[in-house]
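Residue numbers (our numbering), protein chains in the order written: chain A, 17 to 357; chain B, 17 to 357; chain C, 17 to 357; chain D, 17 to 357.
Quick caveat, the hints were computed from the structure, so don't treat them as lab data. Every value quoted in this text rests on a predicted model; they were computed, and no experiment measured them. Keep in mind that the hints are not guaranteed to be accurate.
Said to hold, decoys possible - The list that follows gives simulated cross-link-like pairs (lysine-lysine, BS3-like), each with its CA atoms no further than 30 Å apart:
1. 22(B) x 221(D)
2. 137(D) x 221(D)
3. 43(B) x 22(B)
4. 93(D) x 22(B)
5. 79(B) x 164(B)
6. 79(C) x 93(C)
7. 79(B) x 339(D)
8. 79(B) x 43(D)
9. 43(A) x 22(C)
10. 137(A) x 339(A)
11. 79(D) x 79(B)
12. 221(A) x 93(A)
13. 43(C) x 86(C)
14. 22(B) x 79(D)
15. 43(A) x 43(C)
16. 79(C) x 86(A)
17. 221(C) x 86(C)
18. 22(D) x 79(D)
19. 221(B) x 339(B)
20. 22(D) x 43(B)
21. 137(D) x 79(B)
22. 22(C) x 79(A)
23. 221(D) x 339(D)
24. 43(D) x 22(D)
25. 43(A) x 79(C)
26. 93(D) x 43(D)
27. 86(D) x 221(D)
28. 79(A) x 93(C)
29. 164(B) x 339(B)
30. 164(B) x 221(B)
31. 22(D) x 93(B)
32. 93(D) x 79(D)
33. 79(C) x 93(A)
34. 93(B) x 86(D)
35. 86(D) x 339(C)
36. 43(A) x 22(A)
37. 43(C) x 79(A)
Number of protein chains: 4
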Amino acid sequence: MIIVLKPHATREQVAQAVALINEMGLKEHVITGTERTVIACVGDERYKDLGALASFDFVEAVKPVLAPYKMASRDVKMERTVVPLGGTLGASVGGRRIAMVGGPCTVETRSQTFAAAHAVKAAGGTALRGGAFKPRTNPYSFQGHGEKGLEILADAREETGLAIVTEVMSLEQVDLVAQYADVLQIGARNCQNFNLLAAVGEQRKPVLLKRGMSQTLEEFLLAAEYVLARGNDQVILCERGIRTFEDYVRNTLPLAIVPELHRVSHLPVMVDPSHGTGKSYLVEAMSKAAIAAGADGLIIEVHHDPAHALTDGAQSLNPEQFKDLVASCRRVAAAVDREIP
Amino acid sequence: MIIVLKPHATREQVAQAVALINEMGLKEHVITGTERTVIACVGDERYKDLGALASFDFVEAVKPVLAPYKMASRDVKMERTVVPLGGTLGASVGGRRIAMVGGPCTVETRSQTFAAAHAVKAAGGTALRGGAFKPRTNPYSFQGHGEKGLEILADAREETGLAIVTEVMSLEQVDLVAQYADVLQIGARNCQNFNLLAAVGEQRKPVLLKRGMSQTLEEFLLAAEYVLARGNDQVILCERGIRTFEDYVRNTLPLAIVPELHRVSHLPVMVDPSHGTGKSYLVEAMSKAAIAAGADGLIIEVHHDPAHALTDGAQSLNPEQFKDLVASCRRVAAAVDREIP
Amino acid sequence: MIIVLKPHATREQVAQAVALINEMGLKEHVITGTERTVIACVGDERYKDLGALASFDFVEAVKPVLAPYKMASRDVKMERTVVPLGGTLGASVGGRRIAMVGGPCTVETRSQTFAAAHAVKAAGGTALRGGAFKPRTNPYSFQGHGEKGLEILADAREETGLAIVTEVMSLEQVDLVAQYADVLQIGARNCQNFNLLAAVGEQRKPVLLKRGMSQTLEEFLLAAEYVLARGNDQVILCERGIRTFEDYVRNTLPLAIVPELHRVSHLPVMVDPSHGTGKSYLVEAMSKAAIAAGADGLIIEVHHDPAHALTDGAQSLNPEQFKDLVASCRRVAAAVDREIP
Amino acid sequence: MIIVLKPHATREQVAQAVALINEMGLKEHVITGTERTVIACVGDERYKDLGALASFDFVEAVKPVLAPYKMASRDVKMERTVVPLGGTLGASVGGRRIAMVGGPCTVETRSQTFAAAHAVKAAGGTALRGGAFKPRTNPYSFQGHGEKGLEILADAREETGLAIVTEVMSLEQVDLVAQYADVLQIGARNCQNFNLLAAVGEQRKPVLLKRGMSQTLEEFLLAAEYVLARGNDQVILCERGIRTFEDYVRNTLPLAIVPELHRVSHLPVMVDPSHGTGKSYLVEAMSKAAIAAGADGLIIEVHHDPAHALTDGAQSLNPEQFKDLVASCRRVAAAVDREIP
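Could you build the full structure based on these sequences and the hints that come with them?
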């Protein structure tokens with residue numbers, strides 16, 4: 017941590033800052049510049065509340081030196097993490113193979129879910145997504161089938177071998193969802209629901225962690241750290257678009273986060289181009305772009321009849337569109353030395 | 017809802033859209049313009065998934081006519097809602113009197129909490145805020161004292177008569193927090209934790225609902241609608257800053273939402289200038305501005321020793337600063353025909 | 017400037033960084049921490065391209081210590097700058113008196129302009145705004161009357177004594193506009209048109225500099241520095257709203273910039289609540305809020321018949337609304353020890 | 017245009033709105049819904065100021081039906097526009113071949129420029145970028161060599177056959193720059209400098225129009241419309257990143273704009289991953305992603321010695337990195353049925 021003092025800070029004020037730094041267990045290093053005095057602090061600042069120093073009115077700025085996350089960073093683990101997803105098709109995320117995960121936003125009926133599952137498998141996908149519990153912005157919208165939905169998903173796994181990815185929305189659902197699902201998804205709206213993050217950290221199933229729509233990269237990795245810190249090292253990061261002023265998309269999909277996450281973290285990175293654009297006609301282009309940027313997997317909404325989907329019809333692909341998408345992604349994957357089966 | 021078709025949409029496509037509109041229970045009204053065909057839909061669109069129509073590739077745009085919330089809107093209730101806060105000082109939000117709520121970010125110790133409570137009361141405040149359960153971005157940060165913290169808060173009410181405002185972070189805390197607190201606060205990070213919103217909707221205590229840091233006004237009112245729809249009509253909206261590109265503040269505080277919320281909703285509106293700026297030296301100016309903009313109350317972080325606060329030291333005021341703030345706010349309140357006791 | 021090296025940076029790499037630092041005329045100070053090596057640089061970094069250091073792949077981050085502007089900062093001038101506006105009514109910005117500037121978006125006709133001028137003066141305003149050259153997003157929209165518009169404005173000054181504030185859009189208009197106007201306005205879209213900033217810096221008339229809609233505070237003050245550096249020390253900063261995800265307003269008006277600019281700069285600060293909200297029904301509330309936040313002046317769109325305004329009808333007030341606004345602002349001004357005549 | 021009235025709008029108010037609609041030359045179509053009255057307007061609304069209607073206090077919302085640009089849209093031209101760039105290597109943008117444009121941010125010296133030009137050509141590039149006039153945020157930074165820089169660029173074309181792309185910053189530079197350059201670049205900061213857009217519209221050279229950092233897609237196409245409306249139909253759109261809350265990049269690069277622009281416009285689309293990320297280590301990944309998303313060309317900063325670049329060192333590639341980048345882009349191009357020579 018670097019502390020920049022205001023011009024004309026007195027000797028007493030420097031001493032006051034140093035005292036607080038020492039209280040925190042850090043060692044100070046005072047540098048008197050031509051226009052400002054700067055105090056560099058030596059030691060592990062990750063567990064300190066740096067804001068306290070900013071409360072002194074003679075402090076101009078406090079600049080951290082270390083990223084606040086640790087277990088998610090490459091400082092502690094250089095090689096890339098590979099997370100097996102479950103199912104019987106050998107699905108995994110983080111290696112040379114790119115994981116294609118598809119399925120409906122919401123589990124509506126058994127036949128709708130099975131139709132999607134067969135379409136996903138036929139196209140080359142290895143995991144099925146589908147919501148049994150649905151976070152809906154509108155209280156009057158359909159909220160999901162709950163456990164019945166989980167059963168349908170498990171049956172679809174039975175039939176197809178696809179791994180099951182489904183969202184867990186709150187603490188008391190964790191055990192139930194973990195009984196049925198292969199991968200526990202934490203949705204963007206829960207990205208800072210810290211109790212929930214800690215709870216899935218106690219499970220021994222992979223966690224697919226979606227970035228919040230206004231979460232910084234650092235906050236995203238701190239959310240991962242919550243899960244890792246509880247002993248669950250199977251975390252998959254998933255970019256799904258951020259909120260900006262852009263209005264031709266539901267969210268802005270910032271793909272540069274893919275190579276940046278690979279640079280600072282060892283965790284695998286997926287991309288959700290369905291939520292990331294909100295428009296079915298943009299999904300294929302952004303899927304190819306995500307793979308070219310280095311994504312380790314894609315998660316895509318597929319519905320056999322988007323016009324009658326109960327949720328997210330505007331961003332869902334039909335089976336044929338999904339098949340074409342996987343085929344064109346396969347070619348891009350090969351061009352960046354990756355593989356889609 | 018208005019549906020704009022692409023140029024050259026065929027008669028069959030118009031019929032297909034009309035069929036889906038009718039399936040939704042709406043009546044269509046087809047208008048053939050010089051460059052586009054437009055279909056206006058008559059009926060209550062609030063409970064429909066408008067995205068489904070957007071999945072047709074001959075549809076250019078779907079434009080809703082009605083706001084998706086209802087109970088929170090002035091369409092159903094013209095007069096402004098006043099919410100009593102509890103305590104023995106007659107605290108309430110939404111009338112001529114402006115509610116001043118102060119207190120520490122976190123309940124650290126009994127003496128720290130009591131120091132804050134006495135300072136708040138002495139300055140003219142009517143409610144005490146303080147966190148017993150803390151949502152922390154960093155898993156290694158202090159997470160709050162839980163029930164012990166709630167007991168300290170209740171004791172502070174006993175001693176001072178201040179109403180108690182404290183955050184409830186997850187479903188299983190709701191009953192516990194409701195036993196101690198007068199007002200249940202839903203934090204910005206839980207603004208779309210819909211299960212939690214529904215649960216506090218079952219309570220019969222006021223709910224202070226903080227806007228999420230990237231929540232639109234419409235989403236904010238839909239979150240309120242979740243609480244209202246369960247029968248709890250004591251909802252207080254609270255702006256606490258949004259995430260933008262600005263970097264001299266922790267959040268950007270968009271005060272125009274105060275008169276806009278008053279225009280479209282009957283619910284009272286508070287402002288949190290502490291989180292809304294993140295800098296103690298900006299809190300007083302923004303408190304005065306919030307009142308001038310029409311805020312019905314303020315919620316402000318107060319700590320007897322900000323440099324040793326366990327959390328949010330950089331944005332906390334000490335008791336003397338809070339006293340000055342209330343005094344200067346009182347003058348602005350009078351200038352807009354409001355009152356601070 | 018502080019340079020944070022990556023872990024495992026070698027001795028040779030440290031030497032390479034130090035060599036470049038010395039080339040820049042700065043002195044290095046190497047601090048070996050427990051996890052990172054940090055190099056603090058002593059000297060005036062303001063004229064250096066700090067990006068060059070970031071091009072080394074062993075550098076993790078480069079953190080500036082000094083703000084890059086100088087003449088606009090309180091480091092060089094502690095007392096607040098007062099800028100006289102011209103006209104015969106003693107208008108000025110930056111002292112105890114708050115300047116109320118009103119007028120139409122565009123000079124349409126002589127009678128329309130005179131109607132606005134008389135309304136502004138009657139309400140207590142001291143300067144008239146009005147566009148002769150209009151930056152229009154749409155090439156098919158009305159582009160302004162040019163010099164004829166300037167003549168009308170000058171005649172309105174003759175008749176009322178109001179100072180004239182009008183926008184200069186490009187380099188070759190500077191001399192012409194300066195002949196007629198009292199205050200040269202640089203619009204938000206030209207906030208980084210550096211040639212134009214330099215050109216108005218050569219003039220000896222006050223410059224009203226509007227913040228760009230995505231300009232950081234630092235970039236805003238650097239734009240002011242362009243003007244100041246050419247010898248024109250009469251710069252007025254004007255916040256007019258930033259672009260964010262919010263959709264109930266045309267722009268988000270971040271009033272915390274008012275006290276922050278006063279903290280770091282000696283220049284006076286105005287606010288434009290008309291563009292800052294884009295909605296006439298929000299202008300009065302935000303005008304009061306701006307004054308409560310410490311604004312030194314307001315600039316507001318006034319039109320005698322908003323429904324027939326050629327531009328910006330949605331955000332214009334009619335004369336009666338403006339009169340009410342000034343009256344209510346006068347009360348708030350008194351409550352913060354300021355004055356509106 | 018659709019006008020939504022407030023509930024309880026009277027018959028007189030409807031008549032008032034209709035009168036104004038008819039004044040605008042549009043035909044009204046009044047639809048009385050269950051909760052709101054809606055007026056659909058038939059006719060070409062593109063040249064009207066829709067804000068005027070919003071000034072009525074009984075109007076709730078005004079929703080345009082047509083995009084405000086026309087010549088840039090696919091409504092008037094379905095086939096894609098191909099723009100030849102000049103030089104002797106057959107460079108063009110918009111066809112099957114992807115244009116690779118490289119070069120330094122700033123023309124510093126003849127040898128530096130020639131080094132970059134040879135590197136660009138050797139790697140497979142067909143055009144050289146380089147700034148003779150530089151828009152610098154900081155008034156104390158190097159501002160470019162002006163005409164001398166243009167001469168060096170022209171000499172580099174002579175030697176290599178590369179087309180020359182360079183920025184024109186203001187009106188009075190247009191003729192001068194057009195004498196030397198093949199492609200006139202309008203920088204992001206001038207994206208709404210409408211006089212300048214009109215001036216390059218009078219030229220008969222291709223215009224490379226960079227998106228402003230907070231420009232909406234609609235505003236971007238309106239800026240293109242300015243150029244097209246003056247008779248210059250050789251406009252190349254270029255995405256270079258937008259300003260958001262993200263802080264690990266200089267700008268957020270929203271690649272979904274590439275397929276969206278192709279969907280609504282016939283103009284070719286380039287991407288600038290150097291400004292679009294601001295970090296040299298992210299440029300290659302985002303270059304591949306841009307091509308996979310459908311970009312028609314890339315413009316990339318290349319400098320033989322980034323650590324000593326006068327500007328933008330942090331985002332410049334050295335010649336070897338650029339060569340690798342083109343090679344890996346070539347493979348992705350083939351995978352999406354495009355070609356890089």
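Right, here's what the structure says about each hint:
no. : hint            : verdict
1   : 22(B) x 221(D)  : 33 Å, violated
2   : 137(D) x 221(D) : 22 Å, holds
3   : 43(B) x 22(B)   : 21 Å, holds
4   : 93(D) x 22(B)   : 15 Å, holds
5   : 79(B) x 164(B)  : 50 Å, violated
6   : 79(C) x 93(C)   : 25 Å, holds
7   : 79(B) x 339(D)  : 48 Å, violated
8   : 79(B) x 43(D)   : 20 Å, holds
9   : 43(A) x 22(C)   : 20 Å, holds
10  : 137(A) x 339(A) : 10 Å, holds
11  : 79(D) x 79(B)   : 8 Å, holds
12  : 221(A) x 93(A)  : 20 Å, holds
13  : 43(C) x 86(C)   : 21 Å, holds
14  : 22(B) x 79(D)   : 16 Å, holds
15  : 43(A) x 43(C)   : 22 Å, holds
16  : 79(C) x 86(A)   : 21 Å, holds
17  : 221(C) x 86(C)  : 21 Å, holds
18  : 22(D) x 79(D)   : 14 Å, holds
19  : 221(B) x 339(B) : 29 Å, holds
20  : 22(D) x 43(B)   : 20 Å, holds
21  : 137(D) x 79(B)  : 49 Å, violated
22  : 22(C) x 79(A)   : 16 Å, holds
23  : 221(D) x 339(D) : 29 Å, holds
24  : 43(D) x 22(D)   : 21 Å, holds
25  : 43(A) x 79(C)   : 20 Å, holds
26  : 93(D) x 43(D)   : 27 Å, holds
27  : 86(D) x 221(D)  : 21 Å, holds
28  : 79(A) x 93(C)   : 26 Å, holds
29  : 164(B) x 339(B) : 28 Å, holds
30  : 164(B) x 221(B) : 21 Å, holds
31  : 22(D) x 93(B)   : 15 Å, holds
32  : 93(D) x 79(D)   : 25 Å, holds
33  : 79(C) x 93(A)   : 26 Å, holds
34  : 93(B) x 86(D)   : 44 Å, violated
35  : 86(D) x 339(C)  : 41 Å, violated
36  : 43(A) x 22(A)   : 21 Å, holds
37  : 43(C) x 79(A)   : 20 Å, holds
In terms of the numbered hints stated before, the structure departs from hints 1, 5, 7, 21, 34, 35, listed from lowest to highest.
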